[in-house]
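Visitor: Letter by letter, the chains look like this.
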Amino acid sequence: MLKKVLIANRGEIACRVIKTLKDMGIGSVAVFHHEDRAAPHVQMADESVQLTGEVPTAAYLDQEQIIAACKKTGADGVHPGYGFLSENAGFAETIAKAGIAFIGPNTDAIKLMGDKIESREFAAKHGIPIAPSARQTGSLEDFIKEAEKIGFPLLIKASAGGGGKGMKIVNKKDELEESIRVAASEAERYFSDGRVYAEKLVVEPRHIEVQVLGDGKGDVVHLFERECSIQRRYQKVVEESPAPNMQAKLRDEICESAVRLTKAANYKNAGTVEFILGADGKFYFLEMNTRLQVEHPVTEMVVGVDLVAEQIKIASGMGLSFKQSDLKQTGHAIEVRICAERPEKDYQPATGRVGVMHLPTGEGIRFDGGIKEGQAVTPAFDSMLAKLICYGTTRADAVSKMEEALGDFVLLGVPTNIDFLGRVMGNDVFKSGKLHTGFLTDHAEGLMPPALTGEEETAVISTALLGDADFRVSAFEVPEPYASIGSWQN
Amino acid sequence: MPPFKSQINTASQEFRQRYAHNKGLAMEFQKKQYSARYDRPQRDLDRLAKHKKQTARDRLTKLLDPGTPFLELCSLAANMAYDGEAPGASNIIGIGIVSGREVIIHADDPSVKGGAWYPHTVKKIVRCLDIAIENRLPVVHLCDSAGGQLMHQSLLFPDKHMAGRIFRNQSILSKMGVKQLSIVLGHCTAGGAYIPGLSDYSVIVRGTGGVFLGGPPLVKAATGQVMTADEIGGCDLHTQQSGTVDYPASNEDEAIAIGRDIVAQWDRPTKTRIEMAQPEDPLYDPDELYGIIPDDIKKGFDMREVIARIVDGSRFHEYKPAYGPTLICGYAYIWGHKVGILANNGILFNDSSKKGGHFMELCNQNNTPIVFLQNITGYMIGRDYEIAGITKDGAKMIMTQATSHVPKFTVMCHASFGAGNYGMCGRAFDGRFLFTWPNHQIGVMGGEQAAGTLVDVKRAQLERQGKEVDQKILDEVRRETMEAYGSQISAYYSTSELWDDGILDPVDTRNALGIAIASSLNAPFGDIGNGVLRF
Amino acid sequence: MPYQINIDDRTIEADIVKRKPLLRIRIGDREHTITEANCPASGDFEIMIDGKVYRGWRYATAEEVYMRINGRTHIISVPRGPGAGAGDTGSADEIRADMPGTVVSLNCADGDEVKSGQQLLTVESMKLQIGLVAPRDGVIEKVHFEANAPFDRGATLVSFVPLEDGDK
Numbered sequence: 010m011l012k013k014v015l016i017a018n019r020g021e022i023a024c025r026v027i028k029t030l031k032d033m034g035i036g037s038v039a040v041f042h043h044e045d046r047a048a049p050h051v052q053m054a055d056e057s058v059q060l061t062g063e064v065p066t067a068a069y070l071d072q073e074q075i076i077a078a079c080k081k082t083g084a085d086g087v088h089p090g091y092g093f094l095s096e097n098a099g100f101a102e103t104i105a106k107a108g109i110a111f112i113g114p115n116t117d118a119i120k121l122m123g124d125k126i127e128s129r130e131f132a133a134k135h136g137i138p139i140a141p142s143a144r145q146t147g148s149l150e151d152f153i154k155e156a157e158k159i160g161f162p163l164l165i166k167a168s169a170g171g172g173g174k175g176m177k178i179v180n181k182k183d184e185l186e187e188s189i190r191v192a193a194s195e196a197e198r199y200f201s202d203g204r205v206y207a208e209k210l211v212v213e214p215r216h217i218e219v220q221v222l223g224d225g226k227g228d229v230v231h232l233f234e235r236e237c238s239i240q241r242r243y244q245k246v247v248e249e250s251p252a253p254n255m256q257a258k259l260r261d262e263i264c265e266s267a268v269r270l271t272k273a274a275n276y277k278n279a280g281t282v283e284f285i286l287g288a289d290g291k292f293y294f295l296e297m298n299t300r301l302q303v304e305h306p307v308t309e310m311v312v313g314v315d316l317v318a319e320q321i322k323i324a325s326g327m328g329l330s331f332k333q334s335d336l337k338q339t340g341h342a343i344e345v346r347i348c349a350e351r352p353e354k355d356y357q358p359a360t361g362r363v364g365v366m367h368l369p370t371g372e373g374i375r376f377d378g379g380i381k382e383g384q385a386v387t388p389a390f391d392s393m394l395a396k397l398i399c400y401g402t403t404r405a406d407a408v409s410k411m412e413e414a415l416g417d418f419v420l421l422g423v424p425t426n427i428d429f430l431g432r433v434m435g436n437d438v439f440k441s442g443k444l445h446t447g448f449l450t451d452h453a454e455g456l457m458p459p460a461l462t463g464e465e466e467t468a469v470i471s472t473a474l475l476g477d478a479d480f481r482v483s484a485f486e487v488p489e490p491y492a493s494i495g496s497w498q499n
Numbered sequence: 080m081p082p083f084k085s086q087i088n089t090a091s092q093e094f095r096q097r098y099a100h101n102k103g104l105a106m107e108f109q110k111k112q113y114s115a116r117y118d119r120p121q122r123d124l125d126r127l128a129k130h131k132k133q134t135a136r137d138r139l140t141k142l143l144d145p146g147t148p149f150l151e152l153c154s155l156a157a158n159m160a161y162d163g164e165a166p167g168a169s170n171i172i173g174i175g176i177v178s179g180r181e182v183i184i185h186a187d188d189p190s191v192k193g194g195a196w197y198p199h200t201v202k203k204i205v206r207c208l209d210i211a212i213e214n215r216l217p218v219v220h221l222c223d224s225a226g227g228q229l230m231h232q233s234l235l236f237p238d239k240h241m242a243g244r245i246f247r248n249q250s251i252l253s254k255m256g257v258k259q260l261s262i263v264l265g266h267c268t269a270g271g272a273y274i275p276g277l278s279d280y281s282v283i284v285r286g287t288g289g290v291f292l293g294g295p296p297l298v299k300a301a302t303g304q305v306m307t308a309d310e311i312g313g314c315d316l317h318t319q320q321s322g323t324v325d326y327p328a329s330n331e332d333e334a335i336a337i338g339r340d341i342v343a344q345w346d347r348p349t350k351t352r353i354e355m356a357q358p359e360d361p362l363y364d365p366d367e368l369y370g371i372i373p374d375d376i377k378k379g380f381d382m383r384e385v386i387a388r389i390v391d392g393s394r395f396h397e398y399k400p401a402y403g404p405t406l407i408c409g410y411a412y413i414w415g416h417k418v419g420i421l422a423n424n425g426i427l428f429n430d431s432s433k434k435g436g437h438f439m440e441l442c443n444q445n446n447t448p449i450v451f452l453q454n455i456t457g458y459m460i461g462r463d464y465e466i467a468g469i470t471k472d473g474a475k476m477i478m479t480q481a482t483s484h485v486p487k488f489t490v491m492c493h494a495s496f497g498a499g500n501y502g503m504c505g506r507a508f509d510g511r512f513l514f515t516w517p518n519h520q521i522g523v524m525g526g527e528q529a530a531g532t533l534v535d536v537k538r539a540q541l542e543r544q545g546k547e548v549d550q551k552i553l554d555e556v557r558r559e560t561m562e563a564y565g566s567q568i569s570a571y572y573s574t575s576e577l578w579d580d581g582i583l584d585p586v587d588t589r590n591a592l593g594i595a596i597a598s599s600l601n602a603p604f605g606d607i608g609n610g611v612l613r614f
Numbered sequence: 009m010p011y012q013i014n015i016d017d018r019t020i021e022a023d024i025v026k027r028k029p030l031l032r033i034r035i036g037d038r039e040h041t042i043t044e045a046n047c048p049a050s051g052d053f054e055i056m057i058d059g060k061v062y063r064g065w066r067y068a069t070a071e072e073v074y075m076r077i078n079g080r081t082h083i084i085s086v087p088r089g090p091g092a093g094a095g096d097t098g099s100a101d102e103i104r105a106d107m108p109g110t111v112v113s114l115n116c117a118d119g120d121e122v123k124s125g126q127q128l129l130t131v132e133s134m135k136l137q138i139g140l141v142a143p144r145d146g147v148i149e150k151v152h153f154e155a156n157a158p159f160d161r162g163a164t165l166v167s168f169v170p171l172e173d174g175d176k
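Going down the list, the protein sequences come from chains H, V and B.
Counting from 10, one number per residue, gives the positions in the first sequence under my numbering.
Counting from 80, one number per residue, gives the positions in the second sequence under my numbering.
Counting from 9, one number per residue, gives the positions in the third sequence under my numbering.
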């Protein structure tokens with residue numbers, strides 16, 4: 010078993026990993042940029058090492074400094090969290106060469122799955138359904154002809170990309186050429202790699218993903234699916250497990266496909282296989298994420314497994330601690346991502362300070378956060394502040410618990426999506442479970458904040474005034490008899 | 080202290096008749112006051128708007144804390160001068176609250192001849208600053224004046240209490256530690272430039288504000304240079320180069336906002352401690368004052384009924400009630416402040432004069448401010464009273480009053496004739512504030528008495544000269560005297576000449592006194608000097 | 009001057025109507041009585057409006073007030089009262105030199121449209137380099153010195169096209 014693990018990350022995921030390390034009696038080392046010097050992950054860890062960088066994110070991406078920190082503290086394992094270096098094959102390799110355990114997959118798997126085109130071909134080779142697609146091998150003219158064969162609507166994506174950058178939807182044939190050119194130039198700009206590919210566009214698609222664990226020796230289990238269809242700007246905001254209204258047969262098919270792919274890759278550690286599911290019940294492989302996902306807690310709550318603990322055991326060479334038949338889904342879990350943003354202003358990221366925070370508590374409510382009162386929210390990092398997870402015996406139970414918990418969640422000092430998420434929970438279509446990735450766009454209007462009632466407006470303005478020092482002086486420090494005489498004039 | 084029991088029957092014919100009469104006078108006053116405040120030629124208002132200037136009233140509203148009172152002083156100054164062309168003597172003065180602090184405000188009124196200074200304007204500003212000195216009230220000047228009215232210069236420039244007194248008073252205030260802020264919203268030309276110049280703090284509006292000893296016409300005449308007001312002494316020149324003005328502002332609202340913030344920095348004075356109580360409204364409606372005040376100058380009334388409608392809870396502790404009953408003395412509270420009240424209930428006799436003097440000594444010993452309610456036709460005359468020492472007893476009252484160290488306040492309720500005016504703290508005796516009711520008359524003696532006296536003098540003169548006593552000549556003397564008195568004894572003439580701090584609608588008396596007394600406590604009281612003499 | 013409160017892209021006026029015996033405030037065109045208020049700038053509050061008790065949390069930044077009332081967060085501009093924090097003390101049409109020195113570099117030219125706070129030139133006085141910024145948004149009328157040119161104390165370095173009436 011590893012003795013001391015350095016977490017090459019920050020924020021809620023660093024805190025999340027440290028918590029399991031503490032449970033397992035393993036030492037923890039936090040790394041931090043100056044801007045994070047008082048952050049909770051630094052305070053929670055047994056030790057901490059400061060990293061320097063031109064910008065804060067550069068510090069967390071500096072491999073040399075991280076390896077030096079491992080050497081300095083004697084850490085024998087590195088947990089990369091998500092984002093930053095978590096899917097950087099070079100980093101995994103460097104860590105391994107330094108004789109430190111990388112808590113994640115082997116380098117080959119990272120490389121394989123890191124390339125969208127290669128990974129799709131690999132999946133297809135192993136019988137995993139992939140959306141009909143075409144990739145540019147020769148001239149643009151040939152590629153356009155190939156793409157046409159897929160049929161419309163179709164999607165043009167950057168080979169090296171993600172997060173929707175360089176992505177184009179093409180509805181008609183005569184839009185095709187122009188869209189490809191634009192997508193290629195965007196891809197060149199964002200990823201320094203102008204290669205693009207085209208694929209079938211699934212209408213009203215659902216985003217379904219499967220959590221897998223592999224021991225690197227061919228043993229693989231899945232921990233069932235998660236539904237992550239509630240997205241804005243191609244980023245997930247609400248995730249849940251199990252996927253609502255999913256037939257057992259379809260679930261088995263999807264999960265089995267994920268396991269087949271993972272086994273074929275001789276995959277080690279935790280990973281997630283992502284699919285697109287169409288209304289027709291057909292599903293297609295999207296990509297595999299070779300790391301712990303943001304939304305892993307919903308799986309943990311429904312399956313009853315600590316995924317970080319499993320990751321560490323695997324990295325320690327201990328293999329899997331359970332068989333597939335030991336695992337089953339019980340109840341329902343929902344996670345929401347609490348972000349510093351203005352949903353009513355096109356999800357514009359926001360900055361500020363966590364001024365007042367008051368967390369919801371109760372049975373089945375889990376808060377994964379790396380924030381505390383007084384902490385600044387700067388544009389230096391991702392806008393996600395924390396995650397709130399609710400568990401219930403049924404989906405309806407979990408949804409209403411989440412709605413209530415969001416109502417009780419006080420986070421003032423930076424605009425957040427808390428109230429917006431509350432309105433999502435209260436939405437009838439969401440409650441019915443008829444989800445697809447266009448849900449937030451389709452219901453944008455209904456999810457806008459309702460207009461203030463006269464009474465609310467009065468309460469808000471009164472409170473704003475009464476807490477204002479200047480107003481208080483004006484209201485309460487006018488000398489007598491002037492205050493008593495009031496607005497009189499002779 | 081028990082409440083006073085009113086004897087007034089509000090259903091009586093007399094009450095209703097007096098009510099109608101005095102309510103009418105009050106409405107006439109309100110109408111004149113409204114007109115003095117707001118009626119301006121449209122072209123003057125247009126000119127203000129064109130220069131992006133607000134009226135003095137609008138500026139004042141923005142300067143004051145919302146929901147607080149404003150006691151305007153001398154609102155009808157100059158109402159009978161200059162053919163009425165200088166309403167309010169072209170400025171506003173008054174006491175109010177700015178950023179929670181008690182201040183006196185002097186605001187030039189640019190809608191009256193560009194805020195030009197008439198002799199009465201100067202007298203009013205000097206009075207404003209005298210009040211500031213006597214009561215240690217910080218001053219906010221809202222400056223916007225075209226300068227002195229040159230054709231009246233002999234009446235506003237050279238004498239002791241003329242324009243120079245403004246700047247003398249400003250200097251004295253600063254030395255006393257009483258702060259002044261000038262907000263320059265228009266021009267401050269020549270002497271006027273010293274108002275911001277001698278203020279401890281100053282703000283100026285870019286574009287419209289200007290401070291200079293000589294404006295563009297004078298500069299052109301003297302040096303031949305053609306320059307704009309802004310070039311000679313505008314905002315940037317004074318806030319960046321000369322340092323004459325402290326804060327630049329880009330418009331009037333901003334200047335006033337900065338001004339309010341400046342006042343918010345000032346230390347609040349420790350007030351002189353007097354006996355205080357929780358304020359309570361009078362038991363009797365002050366509106367009934369209209370039915371109590373007579374409809375004829377010759378008719379008397381019980382001043383206790385007036386007291387009952389001014390003081391807290393209508394409670395009144397009457398001192399020495401059985402002795403000298405024509406002068407009512409006693410203690411009461413006004414807006415929570417303990418005061419001693421002297422109120423006329425008839426002619427002053429030997430006993431009432433001595434009682435008044437004695438009671439004022441008690442007030443001084445007790446650190447209790449004194450309120451005088453005047454309705455006095457004089458000290459009693461005649462051989463018997465001279466033998467009894469009426470002049471000597473009147474002198475006691477006048478001297479005790481004049482040398483009192485506690486603040487004094489006077490309300491002219493009905494009549495103020497002869498030496499009674501002196502004993503009851505007339506204008507000459509440096510009371511902190513003096514207000515007049517619209518029905519009030521003032522003079523050496525009443526109009527009819529004066530006419531009678533002058534007719535007698537004329538007849539004696541004609542007889543001495545051995546001439547025939549022509550009734551026509553005597554009637555002419557009577558008519559002339561009555562006419563002169565008719566206008567000069569009126570409250571409007573009195574207030575026009577700034578013999579008071581303004582006419583009050585009787586129902587406003589309680590609030591006005593409350594603010595006046597509260598203001599007076601900013602200044603320390605003097606020493607009592609001697610024991611209480613039982614005259 | 010009433011308090012100006014920005015809420016949901018609207019501006020609402022509020023003012024104190026009276027203080028005694030109970031605080032009465034006007035919001036828009038309606039009046040309300042505040043009977044009890046324990047309302048710190050930041051933290052939990054309790055206030056009684058027209059006889060009804062409201063509890064929640066409040067947090068104030070320099071610009072905004074955040075409030076959590078009945079499970080909903082409200083963000084509004086800090087109420088700007090009469091005189092409270094009037095910070096804009098005017099904006100000059102000219103940038104003058106506080107000290108004699110030389111122009112090190114110019115970042116603007118005649119006719120440029122500039123934003124308040126934008127650096128216009130760097131000067132050196134007494135071995136100290138100082139960046140001079142635009143005091144307001146506006147258009148440069150004239151830059152009076154070239155790079156490396158010496159200037160005296162009080163010299164006008166940059167002048168702005170004066171604001172027209174109504175621009176402000």
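Check before you lean on any hint, since a few could be wrong.
Claimed, not checked - Dumping the calculated EDC-like pairs for lysine to aspartate or glutamate here, alpha-carbon to alpha-carbon at most 16 Å:
#1 B:Lys-123 / B:Asp-145
#2 H:Lys-13 / H:Asp-55
#3 B:Lys-28 / V:Asp-360
#4 B:Lys-28 / H:Asp-55
#5 B:Lys-150 / B:Asp-118
#6 V:Lys-350 / H:Glu-486
#7 H:Lys-354 / B:Asp-17
For the record, the hints were derived by calculation from the structure and aren't laboratory data.
In this text the structure is predicted, and so the values were computed from the model without any measurement.
Visitor: Next, verify each hint and record whether it holds.
Guide: A quick look at each hint next to the structure:
no.: 1; hint: B:Lys-123 / B:Asp-145; result: holds (4 Å)
no.: 2; hint: H:Lys-13 / H:Asp-55; result: holds (10 Å)
no.: 3; hint: B:Lys-28 / V:Asp-360; result: holds (13 Å)
no.: 4; hint: B:Lys-28 / H:Asp-55; result: violated (58 Å)
no.: 5; hint: B:Lys-150 / B:Asp-118; result: holds (5 Å)
no.: 6; hint: V:Lys-350 / H:Glu-486; result: holds (15 Å)
no.: 7; hint: H:Lys-354 / B:Asp-17; result: holds (12 Å)
The structure is inconsistent with hint 4 alone, although it conforms to all the rest.
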